[in-house]
Structure formats: C-alpha cells, structure tokens
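Visitor: Same order as they appear, the protein sequences are chains S and C. Just so we're aligned, residue 1 is where the first sequence starts under this note's numbering, counting upward by one. Just so we're aligned, residue 370 is where the second sequence starts under this note's numbering, counting upward by one.
Treat each hint with caution, since some may be false.
Calculated pairs, EDC-like style, for lysine to aspartate or glutamate (alpha carbon to alpha carbon, straight line, at most 16 Å) [claimed, not checked]:
id, chain 1, residue 1, chain 2, residue 2
1, C, 398, C, 474
2, C, 398, C, 472
3, S, 219, C, 460
4, S, 219, C, 524
5, S, 358, S, 279
6, S, 42, S, 59
7, S, 358, C, 526
8, S, 219, C, 474
9, C, 398, C, 504
10, S, 219, C, 476
11, S, 219, C, 526
12, S, 358, S, 273
13, C, 473, C, 524
14, C, 473, C, 504
15, S, 358, S, 324
16, S, 133, S, 172
17, C, 426, S, 340
18, S, 219, C, 472
19, S, 358, C, 524
20, C, 398, C, 476
21, C, 473, C, 420
22, S, 358, S, 172
23, C, 417, C, 460
24, S, 358, S, 327
Bear in mind the hints are in silico, worked out from the structure with no lab data behind them.
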Amino acid sequence: MSRPSPSRIITILTALSILTAGTLVAEYPARAASPDQALAHKLLGPGNPMDPVLSALADARLVRDVIAPSPGGITVPAVPLGFAFTGVQLGPLDITRTAAAASELQAFTDRLHRRGINTSGTAWTVYTLPAVKEALDADPGGADTSGVEGPLGSALIVPAGTKVELVGAVFERGELHTKTMFTASPNGRAGTKEMSAMAAPSDSESFVRDGGLGCVDRKQNNTAFYDPCQDFFFLENDGDPARRYWASQMHGTGKGRGLWTLNSLEVSSRRSDGSAPQEWVDWDPGADATTNCHTQTVSVSYAGAGLSLDQQHCEEWDIDKDEDGADFANWWRGHVRRKERETAAMTLTRLQNGDLPKLLVSFDYYANP
Amino acid sequence: VKPRLLIPALVIVAGAAGAWWWFFGGADKPVTEAEARRYLGRIVATAKARDFEALCKLHGTMGNCRHQLNQGCDERPFDQHKISCTETVPEAPPTVVSTRYLEKDGDGTPGRILSLSGTDAFGRPYQSEVLVFRENRHNFKAINAVYWANSYIIEGDIVTPGGTQK
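Okay, chain S solo, but in the shape it has when bound (with noise of 0.2 Å):
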C-alpha cells in the first residue's frame, strides 16, 4: 500500500476544487501589526479556526521568497521549517512549459482518470515549490523524486487562469502541513463540466469498497468504552465467472476509565443464519501472537489484489476461526489501564455470484477494578 511521503507537498489534488469552488478568500479587516500578520488574519477570514501554516505566517516564521529556477530548471533550493507565497510570488515559479511539469501533469491526470475523474480540455499551470529542509531530514526518502507520481518533488498543478492566494507548507510537530488558498479561474465554473465523472476503466484485480466507511455506535458503560469499525470489499476482475470475492475488514478502539483495567475486545464474525454459504479464501491474522506495542498490518489477499490495515498490536492477539466461511474472531487480551489498546481482523470469502455476504458481528469489551 502505497503513501504519500511526508516530505513530498501534497498540494497538486486539493488545488483541484478551484473547479467546484467559489471565492474562498473573504475580505477581513487586518488587525495585525506586521504584513505577515495581517496577511495571515485577511486571508483567514471571520470565525475560521487559525491553522498551522497561517499560525506560523502571523508569526513570521515562514520563508516568503526564494530564487526562481534557472532558465529551464525546475528546481528551487530547500527552505528551513516552510514557506507562504502569494500568487504574485509564484509567477516566477511557473514551470508548465518545461519537460518535467508535462510528465508530472500526465501522472497527476492518469491519477484523476483511474478514479473516474475526466480532466479532458483543461489547461494547467505548473508551479514548482521548494523543499521543506526538516521534512526531507524527518524523511530522506521523500526526496527522491523519481517515483511514479512524477518527477518534481514539490509542486502545485492548478487550472490555468487560477489565482493562488496563498500556497503554504510548515513543519511542526514530526509532519508537514500545508495550505492552498485560491479563488475562481476567469472562466468560472466552467471547468467544472471539464470535471464529470465517468466509469474508471480497470482492466485488473482491485478491491473496490462496497457500501461505504461503516462505524457502531460506540459501546461504552463506567468501566470502558470501544469504538468499532467494519467494511465490505469486492474483487473487481477476479476472472471467476461464478462467485465473487467479498473481503470483511473490521477494527476497533478502546480503554479503560479512571482506575479500571482494560482486560478485552473484541472483533468477531460469523455467517447470519439462513444467509448464503461462503467459502474461505483468505483470513488475517493468521494464529494468536503475544508481543510489545507495534504496528501490524492485517491483511488477505487473492490473485495478486490485496487489502490491508495497519492497527497498533500490544500484549495479546487471540484468535478463533471456525470451519463456515467468514466465522472468524479476534480478541485483544491484556491488562492495562488509561491506554488505548486496538485489535483488527480481516476475513475473505467467495460466494456465488449474485449472493451478498450476511454477517452477525459482535464487538464486545470487559474492564474489570
């Protein structure tokens, strides 16, 4: 499973809802003493909770100018803890008509066309940004920037004619923030029609959610309380023309209250009687395991598609898994108090096509003084 590198300024997407958006950028009377600060509080507008990269513009702590790239370059030099420019500022920043800025618009729009987002007849700019120094130090590998998604390490893609407030990034606390202000292009709202969905051509394996982000309520009395989570996946193309692969995620998160200990949770599964027969493919994990605090990723798999959870393992993981297809349990065992302990399973099954997976779940928990 792939993820964004801290050190790599995520901004090229989000700049995308100038194509939906209106103005963003209300006027607001300037309260502050120095033009950082007030451009800070102009462009944060009327009730708007400050945000780390506007709190460390008011405060003066961001570079606001760099050199623009050579003359057919497409680099600028790193800057330390961030950076804030306005649109003006990033005029000589503007690398669209260069080799590099094509090849990273061209993964930038593959990325929109594989999730069914047609970017056909619009026209971008290309900014490139410095590097964030403590960033890349947090995160060497970042800046390699030859990747699949694209060649220039930093950069903001808009629609041409957009007029950038602000383009933002600070470092605080181990992560890179950034902002992106703008506000419509002088074609308006045009662009959005640019911007219809249309059915995302796969022609491989690929777990597609079904039914969306599901969460109970949360399952709490005086002695603890538990937060879980479950979702369903299917097996696009999986070349069987008579079943289907249906994936089960589920997970959650407790603790304790005040002095009780936290002593179990529970996420558990098992066909709903009378519900159609599955058969098991895949399970996760896949045998009970005591161990320290870590990062486990849960997982199944099938014909080369995966999906996968990275969930917090400590002390005790114990499993149950029953013959009957998608009967499947794991219990978090331990003893801790005011500590958030979680615990995660993951279930694939295959059932005729045109059945639909029906699962009794359980999510317990026990606390005892």
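Following the hints, position chain C against chain S.
Guide: Then chain C, alone, in the frame of chain S:
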C-alpha cells in the same frame, strides 16, 4: 468498623461519587439537534482549516479517524495511487438532509445522527452519517468526523454490503 474511621470513609465515598457525577454524570442526557449541528459546525471548520490532528480529536478515537482519513475517500484505497481524504476536503459545508435520535441500546451510546450530503473537492457527491454523542457531561464526540468519507452508522448486529439490520 471503628466509628472514628467511618467519617473519613464516608468522605472518600462521597468524594468518589461526586467526582464520578462530575465527570461522567449526565452523559446520557439527549443530544439536541441544535447541539449536534453546533458540533458539526466545529468539525466542518476544523476540516476546512485542514487541521486533521484537531479534527481527529473531535472524533471518538484517533485511530478510527486516521483510518477514515486514510481509506475513506477512495473506493479503491489499496491501489498504488490512492486518494486520501486530506486531499478532498469539501469547500462547501455539508447539507443536513435529516437527523434522528439514536436511543440507548444495551451498552451502546445514545446520540444524534446527522445524515449529510455534499460535494467533495474533486466534485464527487458524498452521503454520510455523523453520530454526535456525549462523551461525558462536558464534552461531545463524533463517530465519522471525516464527514465527506461516505461513512454510515452501523445500528444493528447484522451487516451486509450497503446496510445493516437489527
């Protein structure tokens, strides 16, 4: 019990009961629609500010919130080039289509479910349910604070793609 120990013991018991009442008492008081809408307003403002750490503090648990941010806004969240909810925060606030009160059921938590609809930053429509409940007498929390992630509240014991049953 010696009489001279009785009074301190009663004081301790009364103190513990008072502390429990102060921190947890009143948690079952119904959440009004106005309270739920106000809390949703905080969630929406925090999401628009792209302060996802603060957003997840408004959610029931951080882990589930991060999971929703990570997986909730792409129907193919395991593909190499998945889209994260941090990229698709809607500019416009959601429309509250309807609300309903979720009664206490066993050790479930009562609260107000807001059914929402809107359009995310990619122009994709979403429909979600957000449950606002009282964590204690002072604080609210939400299930599905990532309100643009097409999430819903499981209300029964039987789950099937696209819904749940009692």
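Visitor: For each hint, tell me whether it holds in the structure or not.
Guide: Hints, verified against the model:
1. Between the alpha carbons of residue 398(C) and residue 474(C) the distance comes to roughly 14 Å, so the proposed pair stays at or under 16 Å and holds.
2. For the given pair, residue 398(C) sits about 11 Å from residue 472(C) by alpha-carbon distance, which is consistent with the 16 Å threshold.
3. In summary, the hint linking residue 219(S) to residue 460(C) is not supported, as the alpha carbons are separated by about 33 Å, beyond the 16 Å threshold.
4. At roughly 12 Å between alpha-carbon atoms, residue 219(S) and residue 524(C) fall within 16 Å of each other, so this suggested pair holds.
5. Only pairs whose Cα atoms come within 16 Å are accepted, and residue 358(S) paired with residue 279(S) is accepted, the gap being roughly 13 Å.
6. Taking the CA atoms of residue 42(S) and residue 59(S), the gap is near 14 Å; set against the 16 Å cutoff, the hint holds.
7. Distance restraint check for residue 358(S) and residue 526(C): the Cα-Cα separation of roughly 10 Å lies within the 16 Å cut-off, and the hinted pair is therefore satisfied.
8. A C-alpha spacing of about 9 Å is found between residue 219(S) and residue 474(C), which places the hinted pair at or below 16 Å, so the restraint holds.
9. Between residue 398(C) and residue 504(C), the direct Cα distance comes to roughly 11 Å. Compliance with the 16 Å bound is thereby established for this hinted pair.
10. Of the supplied pair hints, the one linking residue 219(S) and residue 476(C) holds, its CA atoms being roughly 5 Å apart against a limit of 16 Å.
11. At most 16 Å may separate the alpha-carbon atoms for a hinted pair to count; residue 219(S) and residue 526(C) meet this at roughly 13 Å.
12. Restraint check for residue 358(S) and residue 273(S): the C-alpha separation of about 9 Å stays at or below 16 Å, so the hint holds.
13. The straight-line distance between the Cα atoms of residue 473(C) and residue 524(C) is roughly 11 Å, inside the 16 Å bound, and the hint therefore holds.
14. With a C-alpha separation of about 14 Å, the suggested pair residue 473(C) and residue 504(C) falls inside the 16 Å cut-off, and the hint holds.
15. Taking the CA atoms of residue 358(S) and residue 324(S), the gap is near 13 Å; set against the 16 Å cutoff, the hint holds.
16. For the given pair, residue 133(S) sits about 12 Å from residue 172(S) by alpha-carbon distance, which is consistent with the 16 Å threshold.
17. Using a Cα cut-off of 16 Å, the hinted pair residue 426(C) and residue 340(S) holds, with the two alpha carbons roughly 14 Å apart.
18. Distance check on the hinted pair: residue 219(S) and residue 472(C) sit about 13 Å apart at the alpha-carbon level, within 16 Å; holds.
19. Note on residue 358(S) and residue 524(C): the hinted pairing holds, with a Cα-Cα distance of about 15 Å set against a maximum of 16 Å.
20. Among the hinted pairs, residue 398(C) with residue 476(C) is consistent with the structure: their alpha-carbon atoms are about 15 Å apart, no more than 16 Å.
21. Between the alpha carbons of residue 473(C) and residue 420(C) the distance comes to roughly 32 Å, so the proposed pair goes past 16 Å and is violated.
22. For the hint pairing residue 358(S) with residue 172(S), the CA-to-CA distance comes to about 45 Å; that exceeds 16 Å, so the pair is violated.
23. Restraint check for residue 417(C) and residue 460(C): the C-alpha separation of about 7 Å stays at or below 16 Å, so the hint holds.
24. Distance check on the hinted pair: residue 358(S) and residue 327(S) sit about 11 Å apart at the alpha-carbon level, within 16 Å; holds.
Violated hints, listed in ascending order, are 3, 21, 22; each of the other numbered hints is respected by the structure.
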